[in-house]
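Each residue of the sequence shown is one higher than the one before, counting from 1 in my numbering.
Since the hints were derived computationally from the structure, they do not count as laboratory data. Check the hints yourself; a few may be wrong.
Taking CB as the label site, the calculated pair distances span [said to hold, decoys possible]:
| hint | residue 1 | residue 2 | range |
| --- | --- | --- | --- |
| 1 | 163 | 53 | 26 to 34 Å |
| 2 | 72 | 146 | 14 to 22 Å |
| 3 | 47 | 135 | 19 to 27 Å |
| 4 | 163 | 137 | 22 to 30 Å |
| 5 | 108 | 139 | 16 to 24 Å |
| 6 | 150 | 109 | 17 to 25 Å |
| 7 | 71 | 154 | 21 to 29 Å |
| 8 | 158 | 108 | 28 to 36 Å |
Glycine included, each C-beta is placed from N, C-alpha and C at the ideal position.
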Amino acid sequence: MVKLTIVGRVSDGLPLAQGLRYQNDEENENFLCYKQQAEFILKEISRGALSPSKMTIHIDHYHCFNYLVENGHCFITLCDSSYPRKLAFHYLQDLQKEFEKFDIGLMEKITKPYSFVRFDGIIGNIRKQYIDTRTQANLSKLNANRGQDLDIIAKHMSEIIQKGPKSEISERMSVTPRPVSPIWSSPFLKVRHCFEMDSHHPHCSCCCYSIMGQLNPYRELQLRVHKIAETLGFTTTKDDTKICHGACL
Numbered sequence: 001m002v003k004l005t006i007v008g009r010v011s012d013g014l015p016l017a018q019g020l021r022y023q024n025d026e027e028n029e030n031f032l033c034y035k036q037q038a039e040f041i042l043k044e045i046s047r048g049a050l051s052p053s054k055m056t057i058h059i060d061h062y063h064c065f066n067y068l069v070e071n072g073h074c075f076i077t078l079c080d081s082s083y084p085r086k087l088a089f090h091y092l093q094d095l096q097k098e099f100e101k102f103d104i105g106l107m108e109k110i111t112k113p114y115s116f117v118r119f120d121g122i123i124g125n126i127r128k129q130y131i132d133t134r135t136q137a138n139l140s141k142l143n144a145n146r147g148q149d150l151d152i153i154a155k156h157m158s159e160i161i162q163k164g165p166k167s168e169i170s171e172r173m174s175v176t177p178r179p180v181s182p183i184w185s186s187p188f189l190k191v192r193h194c195f196e197m198d199s200h201h202p203h204c205s206c207c208c209y210s211i212m213g214q215l216n217p218y219r220e221l222q223l224r225v226h227k228i229a230e231t232l233g234f235t236t237t238k239d240d241t242k243i244c245h246g247a248c249l
C-alpha cells in the first residue's frame with residue numbers, strides 16, 4: 001500500500017506538499033520518523049548525492065521509498081515492500097503529470113514547507129486509485145511490458161547515510177522506527193536501565209525499571225531494593241525505587 005507521499009523542490013530541498021496521513025493507530029508512532037526519512041532523501045537529492053532520476057530505497061523488510069525526479073521536482077512515496085514497484089512508479093508519474101498542470105512560476109515562489117496545500121487533495125485522490133492492486137486498471141499497468149524489467153536502481157537507506165554528511169539528522173535516519181508499547185510509555189513507569197549484565201554472572205540479565213516513589217510506600221522493600229541497587233552499581237534516591245527482576249538463562 002502507498003502510505004506516505006511528499007512532493008518537493010530539488011533546487012533547495014523544500015517540501016511543497018504531502019499526502020494525508022493514512023496510517024492506522026499502530027503506525028502513527030512511526031509516521032514522523034518516516035516523514036523525516038523522506039525529507040532526508042529530498043535533501044540528499046537536492047545536494048546532488050542521489051543523481052538517479054528514479055530510485056528505490058529500502059528501509060527494512062517491510063517498507064521502502066520510491067522516488068521520481070522530473071523537471072526540478074521530486075515525488076517520493078513510502079510503500080509496503082510487497083507493493084508492486086511498477087505500480088508505485090505509475091503512481092508517481094500520475095502525480096507528476098498533475099503537478100505539471102500548475103504554474104511552475106508559482107511553485108518557485110513558495111518559501112514555507114508544505115504550504116502548497118492545494119496539491120494535498122490531489123495526492124489523496126490519485127492514491128485511492130492505487131490502493132487495490134487487483135483493479136482492472138492496475139492489472140493492465142502491471143501486465144504492460146511484462147517481460148521488461150524496470151531500469152531502476154535500488155539501495156538501502158544505510159548506504160545513503162554512510163556516504164552522506166555526518167550529522168545528527170543522518171544518525172537518526174539510521175534508526176528503524178518501532179512501535180512504542182503503551183506499557184513502557186506510561187507516565188508512572190520509566191525505563192532507566194535495560195538488560196544490565198552482571199559481569200560475574202554472564203548468563204544472568206537484569207531488567208531494571210524506575211517507579212515513582214509515591215507508588216511504593218513500603219520502607220522495607222525500599223531498603224531491600226536499595227541494597228540490590230548498590231550491588232549492581234546503581235544509585236537510588238528518595239524519589240524513586242528501583243526494582244530489579246533477574247532472570248537466569
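Results for each hint:
1. A hinted range of 26 to 34 Å is violated for the C-beta pair residue 163 and residue 53, which are about 18 Å apart.
2. Checked against the given bound of 14 to 22 Å, the beta carbons of residue 72 and residue 146, roughly 32 Å apart, lie outside it.
3. For the pair residue 47 and residue 135, the supplied restraint of 19 to 27 Å is violated, since their beta-carbon distance comes to about 39 Å.
4. For residue 163 and residue 137, the Cβ-Cβ distance of about 38 Å falls outside the hinted range of 22 to 30 Å, so the restraint is violated.
5. At roughly 39 Å, the beta-carbon separation of residue 108 and residue 139 lies outside the given 16 to 24 Å, and the hint is violated.
6. Taking the beta carbon of each, residue 150 and residue 109 are about 35 Å apart, not inside 17 to 25 Å as hinted.
7. In this structure the supplied range 21 to 29 Å holds for residue 71 paired with residue 154, their Cβ-Cβ distance being about 24 Å.
8. Between residue 158 and residue 108 the CB atoms are about 34 Å apart, so this pair conforms to the stated range of 28 to 36 Å.
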